[in-house]
Amino acid sequence: MILDTPAIASLYRSHGHVVLRRARTLLGSEADAREVLQEIFTALVRNPDAVRSAGSVVGWLYQATTHHCLNQLRKARTGARVLELHVRPGMAESGGPRGEAAAEVRRLLALLPEDVAAAVVYRHLDGMTHAEVADLLGCSRRQVGYLLERAQGLWDRAEQTA
Amino acid sequence: MNLAATPLSWNACLSALRLDRWMMGELGAADTETVGTHVSSCAACSAALAGIRGVREEVRALPLPAALGRPSPRRRVPGAAVAGVGLALAASLVLVLRVPHPVQRSKGSGVGLAMYVQHGDEVRRAAPGETVSPGDAVRFAVSTPVPAYVAVLSLDPAGKASVYFPQATRAAPVPAGSEVPLPLGTRLDATTGQERLLVLFCPSAVELEPIRQALARGQDGAPLPADCQGLRWSFVKR
Chain A
9 MILDTPAIAS
19 LYRSHGHVVL
29 RRARTLLGSE
39 ADAREVLQEI
49 FTALVRNPDA
59 VRSAGSVVGW
69 LYQATTHHCL
79 NQLRKARTGA
89 RVLELHVRPG
99 MAESGGPRGE
109 AAAEVRRLLA
119 LLPEDVAAAV
129 VYRHLDGMTH
139 AEVADLLGCS
149 RRQVGYLLER
159 AQGLWDRAEQ
169 TA
Chain B
213 MNLAATPLSW
223 NACLSALRLD
233 RWMMGELGAA
243 DTETVGTHVS
253 SCAACSAALA
263 GIRGVREEVR
273 ALPLPAALGR
283 PSPRRRVPGA
293 AVAGVGLALA
303 ASLVLVLRVP
313 HPVQRSKGSG
323 VGLAMYVQHG
333 DEVRRAAPGE
343 TVSPGDAVRF
353 AVSTPVPAYV
363 AVLSLDPAGK
373 ASVYFPQATR
383 AAPVPAGSEV
393 PLPLGTRLDA
403 TTGQERLLVL
413 FCPSAVELEP
423 IRQALARGQD
433 GAPLPADCQG
443 LRWSFVKR
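Sequence order for the protein chains is A and B. The first sequence lines up with residues 9 to 170 when you count with our numbering. The second sequence lines up with residues 213 to 450 when you count with our numbering.
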């Protein structure tokens, strides 16, 4: 498979929505979601082997998007930008109790270890079965169950201390 | 807060991954049919899919990132008669053959189908179950690991069965290859609703009229001719 720049541009057109939709949900910011969309496909120009060796293009884009967005949430948490992220105009859930609860979910995701946070995202934000989550994480379904239990425990603890 | 019930939780019964993979033609034939049937009767999944399609249209309207350069002019073709569509779509195939794209595949057999739709000036690759419009021009490309005799039959929403390809009484030979464009396109008529396709890959030039008649009797699940493989695809005209 030749994956040169025109082919990646074609991939952007055909599959870009897989990234943008999930990045919007994960980040709650249109500007940041578009940035992730651009970053993922631009990175492919530098390293086309990343997707070439993947069994599923959609699955690979899910992994890449989750990784990018969780990184961004963690970076946001460590700096003053977290405040800007939570109140930035144009966020889908920028107001009301629902918006505050969505922002709280993102804040808590940033606190979780990456594999635990990814399991939460796949299971609850994408509605995947344990088998689908296991496939994307490259682990067993039992491990997925363990990660999700751990996530709920950490989540409960973080809420109590908040 | 229960992790399963946050404002960001997914609400459809099929996962986002499954819907995305279905839309992009990554599922096997049986899974594709299962998901398509479910989506057509499930309001939550249907709404989720509409959301996904909406974002896809948004991305198509966005400018390409600078690193990816300008969009290839081959993605757009001028309004053309069906004969012209063939050439235009073949041109777009040159571009898309390089990367994995939505293709309906029969699990384990290596045969596959891709469908291209021209709506106005825009040519796009259609996913199974996608909504198209009367007047759109469509063209198919097939993948087969060995030379095969191929036919594309259709059962329209009014129950009328016809042969899209070839314009002959028997299946036509197609060389082995990935996404070999079939030489004929067709323009969709004004009948609206779900249209089902049956694509045959056979070792010989099978007679198509008995199969067309079986389709017309609503027997699109009828046994295929001996040694033939069949792929099923559907789209919705609205």
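A portion of the hints provided could be inaccurate.
[Unchecked claim] A short list of chain A residues far from chain B (calculated; beta carbon distances all over 12 Å):
hint: 1; residue: R30
hint: 2; residue: Q46
hint: 3; residue: A110
hint: 4; residue: G146
hint: 5; residue: C147
[To be verified] Restraint ranges, calculated between C-beta atoms of paired labels, are given here:
hint: 6; chain 1: A; residue 1: S148; chain 2: B; residue 2: A255; range: 30 to 38 Å
hint: 7; chain 1: B; residue 1: G430; chain 2: A; residue 2: N55; range: 36 to 44 Å
hint: 8; chain 1: A; residue 1: S148; chain 2: B; residue 2: R408; range: 35 to 43 Å
hint: 9; chain 1: B; residue 1: A380; chain 2: A; residue 2: T50; range: 22 to 30 Å
hint: 10; chain 1: A; residue 1: T137; chain 2: B; residue 2: E421; range: 29 to 37 Å
hint: 11; chain 1: A; residue 1: A58; chain 2: B; residue 2: A262; range: 39 to 47 Å
hint: 12; chain 1: B; residue 1: V448; chain 2: A; residue 2: E157; range: 40 to 48 Å
hint: 13; chain 1: A; residue 1: R54; chain 2: B; residue 2: E419; range: 17 to 25 Å
Hint data in this document are derived by calculation from the structure and do not stem from the laboratory. Beta carbons: idealized from backbone N, C-alpha and C, even for Gly.
Going through the hints against the structure:
Once the 12 Å rule is applied to beta carbons, R30 of chain A is inconsistent with being away from chain B; the minimum gap is 7 Å. The non-interface label for Q46 of chain A is inconsistent with chain B: the shortest C-beta to C-beta separation is roughly 4 Å, within 12 Å. Against the 12 Å criterion, A110 of chain A falls within the reach of chain B, whose nearest CB is about 4 Å from its own CB. Annotated as non-interface, G146 of chain A keeps its C-beta farther than 12 Å from every C-beta of chain B; the closest such distance is 15 Å.
Its beta-carbon lying about 16 Å from the closest one in chain B, C147 of chain A satisfies the requirement of being farther than 12 Å from that chain. Distance hint for S148 of chain A and A255 of chain B: a CB-CB separation of about 34 Å, consistent with the stated range 30 to 38 Å. Distance hint check for G430 of chain B and N55 of chain A: the Cβ-Cβ separation is about 51 Å, which falls outside the suggested range of 36 to 44 Å. Checking the proposed 35 to 43 Å range against S148 of chain A and R408 of chain B shows it holds: the Cβ atoms sit about 39 Å from each other.
A beta carbon spacing of about 48 Å between A380 of chain B and T50 of chain A contradicts the range 22 to 30 Å that was offered as a hint. Checking the proposed 29 to 37 Å range against T137 of chain A and E421 of chain B shows it is violated: the Cβ atoms sit about 44 Å from each other. A C-beta distance of roughly 31 Å is found between A58 of chain A and A262 of chain B, which places it outside the suggested range of 39 to 47 Å. Judged by the Cβ atoms, the range 40 to 48 Å given for V448 of chain B and E157 of chain A holds: they are separated by roughly 42 Å.
Between R54 of chain A and E419 of chain B the Cβ separation comes to about 54 Å, which falls outside the hinted range of 17 to 25 Å.
The structure is inconsistent with the numbered hints 1, 2, 3, 7, 9, 10, 11, 13, although it conforms to all the rest.
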